[in-house]
Each structure stands twice: as structure tokens, then as C-alpha cells.
Amino acid sequence: MKNLIILFAFLLVGINVNAQSTLETTSQKRKIGWFITPEYSTMFLKDHTGHTVGFSMGVKLFKDHLKIGYYNYGRSGPINSYTINTPLPEGVSYKGQSSIDLRADHGAFGLMIAPSFTLRKSKIEIDFPINIGSIGAGFYLAGDDRKTPDNRRVSEWENELFEGNDAAFAGMFEFGVRAFVPTKIEGLQWGVGMHYTTVQGWTTYADPSGDFYNNKLRASVFVNFGSKRRQ
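Numbering (mature numbering (1 follows the signal peptide of the UniProt record, and there is no 0)), first residue to last: -19 to -1, 1 to 212.
By construction, these hints were calculated from the structure, which means they are not laboratory data.
Please note that the accuracy of each hint is not assured.
Claimed, not checked - Subject to a maximum C-alpha distance of 27 Å in a straight line, what follows is the list of computed DSS-like cross-link-like pairs (lysine-lysine): (1) K44 x K128; (2) K44 x K102; (3) K44 x K197; (4) K165 x K12; (5) K44 x K12; (6) K209 x K27; (7) K197 x K104; (8) K197 x K102; (9) K128 x K76; (10) K209 x K12; (11) K44 x K165; (12) K102 x K27; (13) K102 x K12; (14) K165 x K128; (15) K12 x K104; (16) K27 x K104.
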């Protein structure tokens, strides 16, 4: 019986060592990693700060020194109460008003490319995200103004009041820098970033200059889930 117990103990040790060796070998052989990064950000606009939520996700290549993926973030009405007073076209009124307070929303999406490296002592990861994509953004009736006088859909009134130019799509380019701080949980980091955003060819009735989002800074905070970084 004693011999059987000793044999069984050696067998368990052997299985454990073999499993550990397999995990280490798999980690060393891994060529492609992955990441998912939900984020919250503040946009520093002309007269106010805007708030957005979003995420990026993709793969890590070249020993995790290059990330390639998809990004998506947006400014939604419920977390952005700022309004823009907009005069209506001459001779046009809405509920007796010649100007209306509008809210702004937008969605941005596209390709993200981010070279990265890790500081050896602190294990803090630094990357430089470059976002190339599109933005769809516009202005809309808010509050009681969404109760239209003839019960037609709000979108119909917005199209008429703003001559079909209440929203528009345009090209977008953004670059920045982010710092990823490791945690005690493997594969989990938190971090902060700063981004510079440009928007090309975007104009609407409420913002004919197209400067609302163009040439603006954006600060982000995020958590990052992903495969363990290769050593």
C-alpha cells in the first residue's frame, strides 16, 4: 500500500510538471495575441467638454509590438447635456421660435494601428494608437422640442428645419499615446491616454465651418483585457 501511495504521488508530480512545461511552451510559441479595450473619454471642444464611450479590439503581432484592430467610440445624448443655440433659416419657425437649442451626438469607427513597447522596470506598456476611419455626427432636437406640433417624427422636422443637413459623414484621422499599467490579475491592465483628432470635410447646418470636432484633443481612461505579453 505504501508503495502504491509513493507511486501515485510521483505520478501526480509528473503530470503537474508536464502540464506546466506545456503551458510555457505554448506561451513561447504564441505568435498572435489579442486585446479588448473598453474606454471612457473626454473631448475638449470649443465651449465645453464632451463625453464618449467606446472600445477597441484586435490582435497583437511581432512579439506584441504591434496592435492592429477595430475602434469604435461615440458621443451619446444622455451623457452630453450641452446645447447649441441655432438660428433657423429666415422665415422659418418651430413652435413660435426662430432659434432652437440643439444637442450633438456622433459615432466614430475604423482601423486602429498601434506600435507599442514596455518599460522594463515598471512593466508599464506604452503604445501610439493611430485611428483611420469615419465619423457620423449631427445635431438634434432635445427635451420638449422633441414633441412635434403635428405628431410627425422628429427626424422629419429636423430634415425640414435644417434643409436636410442636420447630420453628415466624413473622414477621420486620430493619433495619440497611451500608458497601460499592469495589475495583479494576469491579462488585465488599466490606463490613460491623450489623442488628437482631425475631421475632414464634415459640415452641417448648425456647424457650417466643420470645426466642432476638428483639431481637438481627447483624453481617455480604460481597462485592457488581453493575452499575456510575451517576454
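Status of the hints after comparison with the structure:
1. K44 x K128: violated (56 Å)
2. K44 x K102: holds (18 Å)
3. K44 x K197: violated (33 Å)
4. K165 x K12: holds (24 Å)
5. K44 x K12: Holds, because 7 Å separates the two Cα atoms, which is no more than 27 Å.
6. K209 x K27: violated (40 Å)
7. K197 x K104: violated (30 Å)
8. K197 x K102: Outside the cut-off at roughly 34 Å; violated.
9. K128 x K76: holds (10 Å)
10. K209 x K12: With a Cα-Cα distance of about 12 Å, the restraint between K209 and K12 holds, given a limit of 27 Å.
11. K44 x K165: At roughly 22 Å apart (the allowed maximum being 27 Å), K165 and K44 satisfy the hint.
12. K102 x K27: Between K102 and K27 the Cα gap is close to 40 Å, so the pair fails against 27 Å, i.e. violated.
13. K102 x K12: Satisfied, since the Cα-Cα distance of roughly 24 Å is no more than 27 Å.
14. K165 x K128: violated (51 Å)
15. K12 x K104: Holds, at about 20 Å.
16. K27 x K104: This hinted pair is violated, its Cα atoms lying about 37 Å apart.
When each numbered hint is compared with the structure, violations occur for hints 1, 3, 6, 7, 8, 12, 14, 16.
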